[in-house]
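One line per chain: the protein sequences are A and R, in this order.
Take 7 as the starting number for the first sequence in the working numbering and just add one per residue.
Take 7 as the starting number for the second sequence in the working numbering and just add one per residue.
Hints may be right or wrong, so weigh each one.
Claimed, not checked - The list that follows gives simulated cross-link-like pairs (lysine to any residue, SDA-like), each with its CA atoms no further than 25 angstroms apart:
| # | chain 1 | residue 1 | chain 2 | residue 2 |
| --- | --- | --- | --- | --- |
| 1 | A | K146 | R | G98 |
| 2 | R | K198 | R | T463 |
| 3 | A | K133 | R | R30 |
| 4 | A | K105 | R | T463 |
| 5 | R | K133 | R | D168 |
Note that these hints are calculated values from the structure, not bench results.
Protein chains: 2
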Amino acid sequence: MKKAEDFSEWYNEIVERANLTDKRYPVKGMNVWTPYGWKIMQAMDSHIREGFDATGHQEVCFPLLIPEDQFAKEKEHIKGFDTEVFWVTHAGLNPLDVKLLLRPTSETAMYPIFALWVRSHADLPLKTYQLVNTFRYETKQTRAFIRVREIHFFESHTCHADFEDAERQVKEDYEILGLLAKKWCLPYKLLKRTDWDKFPGASYTVGIDTLLPDGRSLQLGSIHQYMENFSKPYEIKYEDEKGEHKYVHQTTFGMSERLVGAVVAIHGDDKGLVLPPDIATNQIVIVPVLAKGETERVSAAARDLHDELKKARVRVHLDDRDMRPGAKYFDWELKGVPLRLELGTKDMEKGVVTFVRRDTGEKTLKDRKHVVKEVRDMLALISKEMLARAAGEMEKNIVTVQSLENLPERMIRTGWCGGEECGHEIEVRSDMNILGTLVDGEKYSGACAICGKPTKTPVYLARAM
Amino acid sequence: MKKAEDFSEWYNEIVERANLTDKRYPVKGMNVWTPYGWKIMQAMDSHIREGFDATGHQEVCFPLLIPEDQFAKEKEHIKGFDTEVFWVTHAGLNPLDVKLLLRPTSETAMYPIFALWVRSHADLPLKTYQLVNTFRYETKQTRAFIRVREIHFFESHTCHADFEDAERQVKEDYEILGLLAKKWCLPYKLLKRTDWDKFPGASYTVGIDTLLPDGRSLQLGSIHQYMENFSKPYEIKYEDEKGEHKYVHQTTFGMSERLVGAVVAIHGDDKGLVLPPDIATNQIVIVPVLAKGETERVSAAARDLHDELKKARVRVHLDDRDMRPGAKYFDWELKGVPLRLELGTKDMEKGVVTFVRRDTGEKTLKDRKHVVKEVRDMLALISKEMLARAAGEMEKNIVTVQSLENLPERMIRTGWCGGEECGHEIEVRSDMNILGTLVDGEKYSGACAICGKPTKTPVYLARAM
Numbered sequence: 007m008k009k010a011e012d013f014s015e016w017y018n019e020i021v022e023r024a025n026l027t028d029k030r031y032p033v034k035g036m037n038v039w040t041p042y043g044w045k046i047m048q049a050m051d052s053h054i055r056e057g058f059d060a061t062g063h064q065e066v067c068f069p070l071l072i073p074e075d076q077f078a079k080e081k082e083h084i085k086g087f088d089t090e091v092f093w094v095t096h097a098g099l100n101p102l103d104v105k106l107l108l109r110p111t112s113e114t115a116m117y118p119i120f121a122l123w124v125r126s127h128a129d130l131p132l133k134t135y136q137l138v139n140t141f142r143y144e145t146k147q148t149r150a151f152i153r154v155r156e157i158h159f160f161e162s163h164t165c166h167a168d169f170e171d172a173e174r175q176v177k178e179d180y181e182i183l184g185l186l187a188k189k190w191c192l193p194y195k196l197l198k199r200t201d202w203d204k205f206p207g208a209s210y211t212v213g214i215d216t217l218l219p220d221g222r223s224l225q226l227g228s229i230h231q232y233m234e235n236f237s238k239p240y241e242i243k244y245e246d247e248k249g250e251h252k253y254v255h256q257t258t259f260g261m262s263e264r265l266v267g268a269v270v271a272i273h274g275d276d277k278g279l280v281l282p283p284d285i286a287t288n289q290i291v292i293v294p295v296l297a298k299g300e301t302e303r304v305s306a307a308a309r310d311l312h313d314e315l316k317k318a319r320v321r322v323h324l325d326d327r328d329m330r331p332g333a334k335y336f337d338w339e340l341k342g343v344p345l346r347l348e349l350g351t352k353d354m355e356k357g358v359v360t361f362v363r364r365d366t367g368e369k370t371l372k373d374r375k376h377v378v379k380e381v382r383d384m385l386a387l388i389s390k391e392m393l394a395r396a397a398g399e400m401e402k403n404i405v406t407v408q409s410l411e412n413l414p415e416r417m418i419r420t421g422w423c424g425g426e427e428c429g430h431e432i433e434v435r436s437d438m439n440i441l442g443t444l445v446d447g448e449k450y451s452g453a454c455a456i457c458g459k460p461t462k463t464p465v466y467l468a469r470a471m
Numbered sequence: 007m008k009k010a011e012d013f014s015e016w017y018n019e020i021v022e023r024a025n026l027t028d029k030r031y032p033v034k035g036m037n038v039w040t041p042y043g044w045k046i047m048q049a050m051d052s053h054i055r056e057g058f059d060a061t062g063h064q065e066v067c068f069p070l071l072i073p074e075d076q077f078a079k080e081k082e083h084i085k086g087f088d089t090e091v092f093w094v095t096h097a098g099l100n101p102l103d104v105k106l107l108l109r110p111t112s113e114t115a116m117y118p119i120f121a122l123w124v125r126s127h128a129d130l131p132l133k134t135y136q137l138v139n140t141f142r143y144e145t146k147q148t149r150a151f152i153r154v155r156e157i158h159f160f161e162s163h164t165c166h167a168d169f170e171d172a173e174r175q176v177k178e179d180y181e182i183l184g185l186l187a188k189k190w191c192l193p194y195k196l197l198k199r200t201d202w203d204k205f206p207g208a209s210y211t212v213g214i215d216t217l218l219p220d221g222r223s224l225q226l227g228s229i230h231q232y233m234e235n236f237s238k239p240y241e242i243k244y245e246d247e248k249g250e251h252k253y254v255h256q257t258t259f260g261m262s263e264r265l266v267g268a269v270v271a272i273h274g275d276d277k278g279l280v281l282p283p284d285i286a287t288n289q290i291v292i293v294p295v296l297a298k299g300e301t302e303r304v305s306a307a308a309r310d311l312h313d314e315l316k317k318a319r320v321r322v323h324l325d326d327r328d329m330r331p332g333a334k335y336f337d338w339e340l341k342g343v344p345l346r347l348e349l350g351t352k353d354m355e356k357g358v359v360t361f362v363r364r365d366t367g368e369k370t371l372k373d374r375k376h377v378v379k380e381v382r383d384m385l386a387l388i389s390k391e392m393l394a395r396a397a398g399e400m401e402k403n404i405v406t407v408q409s410l411e412n413l414p415e416r417m418i419r420t421g422w423c424g425g426e427e428c429g430h431e432i433e434v435r436s437d438m439n440i441l442g443t444l445v446d447g448e449k450y451s452g453a454c455a456i457c458g459k460p461t462k463t464p465v466y467l468a469r470a471m
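Looking at chain A on its own, in the form it has when it is part of the complex:
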């Protein structure tokens, strides 16, 4: 299946062929993390941990099961989730007194405890995060990593003395995200959602949206400002310097295994995965090209090359299986290894190693003596160019329009006066969802696509994956 012809089928096929997940588990939308897929997820998790640890967040792990009465405390929140939670009603042979639900997200698990942890201004800011499994009873068609019912999930939850400090946290989240997305070679837009599309209970929601090759948007995560919406029902209060009791302001940041789906979808090609070097389980695969009578000499040289790179902490694999090099290339291209090093007698005579990039297919000869540096430089270059290419693709797929007639299957930028009625009408006429307005603003001068009123902030629309 070709990516350009049927993106959706191509995606399903590549996920299966590269053995990133096993979808044959006997519950729909609950997939098995295979060793290869799980290693990629864990690499991304370790980047997340680094980013949040470095900014003073502390990792915690809260229980999965939430009592119904705790869940119901914030009214908007429960309304937003009541059709999509799983309920535990029995334990052993008996019904439970209080029903328990599997967390779809952890606000209602954490906040009763935050109310105990936060006492005084000295306890603030409270910056926590966790990496856990969450559950949503998706009724739409499921898709590996992108729409599943058990979700590997990252969520940070913070408490602040006031709105301004919570706003600083939101800005810090943008910065952390910037660093992470660079490692993952994922372009995105930070789009402030409309009021009718924000997270249940949030004061405002910022979607982290990327664009897939078929022109559909994919939400990679979201950042929320809650203000006092949760701290009031959960009574998370602190005593300030003057002895006054105040409610904390809260923020959250959530991302999920969709990140793996986005990497597959955006970078993969007809040969298979193309993994960003920072994520790749093996950054380098060495394939010795054995000639008759020279087998041992080439094998030994390949082993040396492997050891040298390994010592330099490059994630390298030597493929010394007894099979044709071509078959090995096929395997590692499917698996998405960023850089292949070929070594044959000709290379050895010239004192070089043949580098083959997975992303471009480009072949170059590099000096064997400086191989560690050459490999490092090349991996950095691949990473940089993968991101730049993906960002370029995304921008190319954003079309600015004045009218909502005959829209292409792309991301659409158009004028909106900001009124709710016009907003709904935009969604109806375009048959797309409004993703929102850029949080950083942008230069724009146009008119609302519905009422024609002049506006300086355009809105972004797309069909969601």
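Based on these hints, arrange chain R on the given structure of chain A.
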């Protein structure tokens, strides 16, 4: 509360005071992992990953929810668990067609998929593991880390061509465990359980038992030989070299957050935790002892000391808070930091650093110039001595008896003919559980405590924590 006076109360208090977990979550037996407790658990998890990765196991992550019909396939297994599983019966507003249970352990989640993964002898051995949350509806009194309802769990699952290869795996498990327990300074006995006490579905079960200071045994984990007990109902078959189809033999190895409980219980003292150096979040805390007029000079020297140790990859923390050294000592003793380094003007004049061991309280002066080496040596010595002391305590608390009258609250070794009737009678008369016989055997010559028949293999008994 003193450990020697009321071990149980002391344990509960120390867990709370050291802030290892928060038990105030509104579901009984489901506790919150606080940052400090979670870091300790993660350190142990990382050791587990190292140990299992190094022996060719691959990490996977299977879904949490298991359909009732899959769970019921192995009859003994479901009988063993049916009074202690949590049931998901509804999703959104509707009842589910097939009820789902929260994994108490993952045999029945994994094995339908193993049946798809294993095709030929080339797929064997299949060696996998996962670190996940599991659930058991405990009806006994819960206790932090030791008896909880949501359990942080490690489980390895392997498939082998035959019984012999599965037995080799069991031996490998013993070796991995040996390395891990050394890092954790935990002594244990490998005790083969009686037939009436083995894991539901197992051919045999080996308990990993340690002994707590109050004389009760604590099972840290278990290793199981399943033979074909699961592969038959789940149809995990492979084609051997001759084209014949055979059932695989399987083993598992499970451990849980109880490991944290064991470290607390065995090593802690009246001042707080005593953490083995390999587990400790901070291996070293530096406390500058500031004298009037010399504050800056001492602070700078403490900072240098910190930087030098950090560069040498020691996990070190500089406590430069504005409070009395004594109050800092109190804090870090509670937190269990293995080694405290004090630095004052007197130390500086002598060119030394004062080392204070957490486990023994012993103070020594060490040459400032060789501080990295001294710290490394001291941490290694602490680790070695913590294990030796704990192992000595355990042996001291094992009492060999001929008669089952007036047994002390210890681990008891006594003769058993091996007959089931005598076994039950031993348990009734001793009011203890038979833990089993040492897997490695031992020199012994005695008589069955019930029937008086001569026997060469003694059995171990204890009351379980």
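> Which of the numbered hints are not met once you compare them with the structure shown?
Replying inline: Hint check: 4 fails alone, others pass.
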